[in-house]
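J.: Chains as they are written, first to last, in our numbering: chain A, 1 to 231; chain B, 1 to 231; chain C, 1 to 231; chain D, 1 to 231; chain E, 1 to 231; chain F, 1 to 231.
Be aware that a few hints might be false.
Any copy, or any two copies together, can satisfy a pair, since identical chains are not distinguished.
To be verified - Subject to a maximum C-alpha distance of 30 Å in a straight line, what follows is the list of computed DSSO-like cross-link-like pairs (lysine-lysine):
#1 K166 with K34
#2 K34 with K217
#3 K169 with K7
#4 K192 with K7
#5 K223 with K169
#6 K52 with K219
#7 K144 with K34
#8 K219 with K34
#9 K219 with K192
#10 K192 with K144
#11 K166 with K223
#12 K217 with K51
#13 K189 with K207
#14 K207 with K219
#15 K7 with K207
#16 K52 with K208
#17 K219 with K51
#18 K189 with K166
Bear in mind the hints are in silico, worked out from the structure with no lab data behind them.
This is what each chain is made of:
6 protein chains.
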Amino acid sequence: MAIITAKSVSENVIIVGNLERQRTVNSFLGNLEKVSEFAGYTSYQGEYNNKKVTTVFHGIGIPSISLITDDLISLGARRIIRFGSCNAIREEIEPGSVVIPQGYSYNFGGTFRQYLNDEYSYSLIPDYDLMLNTVNELESLGIKTFKGRVFTSDALFTHSREFIEKMAKDNHMALELEGAGLYLIAGLKNVKALSVHLAYGNLLNNKKMDASEISEKEKLIAKGILNVLTR
Amino acid sequence: MAIITAKSVSENVIIVGNLERQRTVNSFLGNLEKVSEFAGYTSYQGEYNNKKVTTVFHGIGIPSISLITDDLISLGARRIIRFGSCNAIREEIEPGSVVIPQGYSYNFGGTFRQYLNDEYSYSLIPDYDLMLNTVNELESLGIKTFKGRVFTSDALFTHSREFIEKMAKDNHMALELEGAGLYLIAGLKNVKALSVHLAYGNLLNNKKMDASEISEKEKLIAKGILNVLTR
Amino acid sequence: MAIITAKSVSENVIIVGNLERQRTVNSFLGNLEKVSEFAGYTSYQGEYNNKKVTTVFHGIGIPSISLITDDLISLGARRIIRFGSCNAIREEIEPGSVVIPQGYSYNFGGTFRQYLNDEYSYSLIPDYDLMLNTVNELESLGIKTFKGRVFTSDALFTHSREFIEKMAKDNHMALELEGAGLYLIAGLKNVKALSVHLAYGNLLNNKKMDASEISEKEKLIAKGILNVLTR
Amino acid sequence: MAIITAKSVSENVIIVGNLERQRTVNSFLGNLEKVSEFAGYTSYQGEYNNKKVTTVFHGIGIPSISLITDDLISLGARRIIRFGSCNAIREEIEPGSVVIPQGYSYNFGGTFRQYLNDEYSYSLIPDYDLMLNTVNELESLGIKTFKGRVFTSDALFTHSREFIEKMAKDNHMALELEGAGLYLIAGLKNVKALSVHLAYGNLLNNKKMDASEISEKEKLIAKGILNVLTR
Amino acid sequence: MAIITAKSVSENVIIVGNLERQRTVNSFLGNLEKVSEFAGYTSYQGEYNNKKVTTVFHGIGIPSISLITDDLISLGARRIIRFGSCNAIREEIEPGSVVIPQGYSYNFGGTFRQYLNDEYSYSLIPDYDLMLNTVNELESLGIKTFKGRVFTSDALFTHSREFIEKMAKDNHMALELEGAGLYLIAGLKNVKALSVHLAYGNLLNNKKMDASEISEKEKLIAKGILNVLTR
Amino acid sequence: MAIITAKSVSENVIIVGNLERQRTVNSFLGNLEKVSEFAGYTSYQGEYNNKKVTTVFHGIGIPSISLITDDLISLGARRIIRFGSCNAIREEIEPGSVVIPQGYSYNFGGTFRQYLNDEYSYSLIPDYDLMLNTVNELESLGIKTFKGRVFTSDALFTHSREFIEKMAKDNHMALELEGAGLYLIAGLKNVKALSVHLAYGNLLNNKKMDASEISEKEKLIAKGILNVLTR
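Produce the entire structure from the sequences given, and follow the hints as far as they go.
T.: Given below as structure tokens:
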């Protein structure tokens with residue numbers, strides 16, 4: 001394939017945009033091995049609950065995650081959970097909560113136009129059961145979850161106060177940079193997918209998690225996601 | 001308000017695009033009274049499980065249902081379930097099944113542009129709990145449900161075979177004419193909403209429900225929706 | 001067809017968005033009978049000047065009126081006059097005047113995109129002779145007419161003062177919700193069509209007609225339209 | 001102003017895209033004088049029926065005619081008739097007929113975006129009385145007129161057979177290159193305008209006028225237009 | 001062809017939007033003859049350095065220059081230099097300097113849509129060698145050149161202070177009305193092209209060249225361009 | 001900053017989308033040290049010709065490279081050369097040649113919309129002198145260069161034969177995935193930038209470089225780029 005050089009990947013895949021977070025997920029896997037490394041995009045495979053799980057770095061932005069997702073599906077992925085972070089833009093979402101996107105809003109253009117070969121607003125939604133199971137699992141681990149609408153931005157440095165307030169007013173829970181790409185490709189290819197975003201901070205009140213809280217929370221969430229994928 | 005002339009409506013509302021279906025829902029309500037009639041748009045109020053429920057006709061198309069939904073929210077509606085029909089475009093969806101839109105795809109333009117005052121793809125999603133409760137309730141009544149992506153079309157008579165196949169290939173479950181408007185207004189106003197579509201037919205294999213099957217099924221679904229809203 | 005269940009309709013059709021106004025038009029027809037009733041959309045047929053005339057409810061919004069118009073043309077309609085209302089946004093248009101749209105401005109998107117299967121600005125104009133005859137007839141009945149540009153809006157509740165002033169500055173005479181759909185379908189199908197809007201009010205100075213004035217004026221206009229169609 | 005260097009122009013203006021045609025119009029004017037010449041755009045002023053008339057070259061394309069029209073209005077023009085040619089795309093329009101655009105369709109973009117400072121489909125229509133008077137005058141001179149929808153193209157050399165048939169199917173009477181610009185600027189500035197297109201040929205059947213027929217017909221039309229403007 | 005009635009043109013062509021400037025260029029040519037005159041668009045042919053050179057008027061706006069360029073290429077043009085003017089919007093560009101567009105920004109729409117038959121942002125760039133040779137030649141004649149990004153506007157009269165500042169902030173060197181059309185057609189047809197703009201003024205500080213400076217400078221530039229084309 | 005955690009970077013920066021290529025560039029630097037590592041994006045700093053040079057990984061896609069470029073400029077970068085690969089779509093470009101984009105074509109949308117806060121086609125061009133110096137340096141090292149138009153795609157897996165042929169017909173030299181982002185941000189921030197693409201293959205004839213050829217060529221190009229930046 002294009003970026004992942006392994007011959008195949010497992011049906012269960014966790015993708016991350018941060019190598020540190022990939023290490024956290026990997027730390028729970030048995031028989032871990034690096035199965036692909038190309039152009040900065042590294043993949044590992046291991047086992048959890050006697051099932052195989054692949055972890056893959058997805059980079060920044062919709063084109064990057066879309067390419068990785070498409071590659072993964074060609075290689076055999078059938079359940080893909082993205083474990084990412086986000087910044088909340090809703091007063092009641094405390095840093096440390098988890099945001100589960102029932103749908104992503106996005107800017108028209110590029111990746112969508114090329115994949116849809118048409119111009120309409122494509123509904124970006126997760127797999128229903130994967131969503132329910134993950135919400136229930138995380139809640140059972142004591143993690144507060146928020147379900148709703150998230151905006152995938154294409155340009156972090158353009159997030160003016162005005163932009164943030166417009167997105168909050170239109171009832172988005174959070175901003176992030178890749179999720180729409182995952183739901184697009186999984187939607188078009190009919191593969192189960194879900195995003196799980198740990199809210200590192202809240203842009204309305206500037207509250208933030210510190211590094212040790214993040215580390216702690218990410219371990220807990222990683223376990224939850226692995227449980228859902230391999231049960 | 002603009003179309004609904006009542007001073008207020010109940011928090012629980014069922015909207016329909018078909019007066020026959022409105023009569024079916026009304027038939028389960030106690031103390032039923034007509035509370036508004038204007039320009040062909042008639043509203044009733046009644047009781048179920050000792051809770052008030054309003055039923056309203058929403059007409060055809062996104063601008064019509066959007067106007068009605070906006071009107072209803074101004075008048076006090078807080079949980080709105082649309083009970084509609086649809087045509088399935090997925091082989092495995094038998095007529096008589098229920099399609100629950102986790103998200104609507106739509107054409108850019110008109111109503112979206114005027115409400116968003118901007119041009120981006122706004123994620124159209126239902127309330128999470130209303131969706132779960134309704135799916136569970138309908139399944140418990142023996143109704144098969146399909147959860148996923150639905151396309152709201154603006155022009156029924158342009159549905160060529162080519163169009164239907166494109167929409168099926170992009171993994172839409174069904175086509176209908178109004179749902180995107182409900183999720184748009186409810187999303188922007190932060191009010192709980194859900195659509196429940198009875199699949200009257202399937203456009204891929206031309207299977208159809210007959211009138212008596214429809215009547216039977218609609219009574220069952222109406223009861224299910226009323227249970228969810230008033231529990 | 002889709003909404004109108006009659007086997008055919010007369011060549012002359014008057015469509016309205018308000019059941020009260022339909023009753024007014026019907027009151028001038030001989031041998032009146034209800035010929036279709038479905039989903040809230042009711043059609044009548046009667047006679048005037050020994051010619052058959054059908055009256056049909058068209059609902060709210062471009063998708064609704066487009067569907068009805070397309071249905072009507074398939075069923076035999078060849079001259080369609082919409083009798084509607086509007087709100088003027090030009091200082092000199094007094095409530096009680098009639099606005100005759102020489103052309104409609106509109107938002108891009110939905111219905112236009114699906115019917116045109118392309119994206120360009122389609123000129124929405126009435127039949128030349130129908131327009132002249134109607135203007136002359138109404139003027140001869142003592143009704144003041146204004147001919148020019150009207151904007152078909154897709155979202156009544158977004159009409160802020162700023163929006164109204166922008167539309168006035170761009171030299172629109174009035175705002176309303178459906179006309180662009182009629183001219184679109186009639187234009188594409190090469191059928192004669194015209195809209196006649198009674199200005200109920202003026203949004204710049206908040207002048208309004210009262211109910212009895214409306215009733216009186218609508219009777220006069222109905223007669224004028226019937227004369228033009230059946231002469 | 002930008003292109004027309006005269007201090008002012010008369011209220012009545014005839015604009016043309018062809019210097020030969022300008023000479024034809026000028027030949028009917030008394031006291032003719034050149035009042036502006038800049039960058040290839042030449043203006044003349046003369047008299048007809050004891051009223052002043054200015055004739056101006058408008059060049060090719062929407063930006064060119066828009067600039068000239070805007071310039072003219074700033075300089076005092078209040079009634080502008082464009083006397084142009086076109087190619088018919090409707091079987092029944094014989095070369096030598098006159099096409100009167102009740103409205104122009106056009107491509108989105110450039111000039112429209114900059115003038116409207118917004119993106120919607122702006123209705124491009126002529127002055128009602130100027131249209132009626134001109135139609136009547138030309139018909140009285142024995143010239144056959146067609147009233148309806150014309151498409152202003154931005155690129156003559158892209159008119160493939162497929163393009164022409166699409167435009168014909170959407171019920172356009174003719175193709176030409178500037179008219180939308182005149183109706184746009186006159187519409188926004190609230191000045192009376194009209195286009196009169198002599199059909200030089202018909203693109204469906206490749207019939208064409210020859211040079212002497214054109215010369216003859218243009219003299220007749222020029223007289224008709226001058227009569228309307230100065231009566 | 002459409003506008004240029006000559007049977008063929010020389011490989012080397014200079015196009016101008018101003019008849020005065022055309023006279024300046026022509027004044028350097030030997031054996032000058034008018035080879036085409038139609039609809040206000042006049043072409044001359046002559047010799048320089050024993051090579052043939054054609055000069056052509058291109059009118060105002062992208063559709064006009066595009067049509068002329070397309071016509072010229074069909075008639076044999078292979079190296080086209082546009083000699084035009086512009087208004088600078090960068091503080092450091094003094095009137096009298098030359099702006100060489102490495103690329104043009106433009107409004108979407110019309111001409112681009114019809115030629116590309118698609119909607120994407122087409123890169124508008126000059127021929128590399130023609131650009132280098134011209135920059136070097138002009139610098140060697142003592143003319144200061146600025147290389148960079150220029151915006152082709154479709155509507156001169158909409159250039160508000162706000163618009164100018166936005167274009168300056170986005171790092172455009174100058175505004176003008178046609179260049180994007182030349183680079184578009186030359187790009188699609190794979191013919192060498194370049195624009196050379198003499199900055200008549202600067203819109204930020206309102207400095208301007210006077211008529212005699214313009215005349216002087218244009219003679220110098222004309223000579224430079226002729227040297228590059230015929231060397 | 002967002003991704004690069006160093007306090008500052010050098011004025012001269014080379015960015016790459018492939019860690020192997022970064023190692024090649026780094027191998028020429030003295031006093032090399034890793035200065036930032038975050039989320040998979042690693043930066044090094046070293047010396048060449050006694051000048052400081054930073055090398056940074058930019059990931060896949062326009063949003064990724066745009067974010068990195070914006071970050072770099074905030075940290076002090078003033079001359080940025082991207083050293084990347086591409087696939088040629090022009091018969092005469094042999095694998096192993098270097099493609100120098102005088103301009104990038106791109107899809108509308110996302111990153112462009114957020115940065116421009118407007119919708120027009122922004123000209124994406126390199127710094128003139130950086131381009132000339134690099135072309136001359138590479139040619140002097142015996143590398144064949146092609147200067148012209150490149151398309152930045154947002155979705156590698158949608159490159160059907162039809163798409164490739166359309167892009168070739170519109171006179172693009174090559175396809176790649178990031179360049180438009182670099183020229184956008186550098187253009188808006190007024191910083192000197194250039195892309196240098198080694199053509200790994202040619203999509204029209206399926207010729208390809210082998211791994212050892214790539215390695216050899218990349219060393220040569222790396223040296224050339226370093227010479228240009230530090231001279």
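J.: Run every hint past the structure and note whether it holds.
T.: Cross-check of the supplied hints:
no.	hint	result
1	K166 with K34	neither (43 Å within a copy, 39 Å between copies)
2	K34 with K217	both (25 Å within a copy, 29 Å between copies)
3	K169 with K7	between (46 Å within a copy, 27 Å between copies)
4	K192 with K7	within (21 Å within a copy, 41 Å between copies)
5	K223 with K169	neither (34 Å within a copy, 35 Å between copies)
6	K52 with K219	within (19 Å within a copy, 40 Å between copies)
7	K144 with K34	neither (33 Å within a copy, 38 Å between copies)
8	K219 with K34	both (20 Å within a copy, 28 Å between copies)
9	K219 with K192	within (23 Å within a copy, 33 Å between copies)
10	K192 with K144	both (23 Å within a copy, 20 Å between copies)
11	K166 with K223	neither (35 Å within a copy, 39 Å between copies)
12	K217 with K51	within (24 Å within a copy, 42 Å between copies)
13	K189 with K207	between (38 Å within a copy, 26 Å between copies)
14	K207 with K219	within (21 Å within a copy, 47 Å between copies)
15	K7 with K207	between (44 Å within a copy, 24 Å between copies)
16	K52 with K208	neither (34 Å within a copy, 36 Å between copies)
17	K219 with K51	within (19 Å within a copy, 44 Å between copies)
18	K189 with K166	between (32 Å within a copy, 14 Å between copies)
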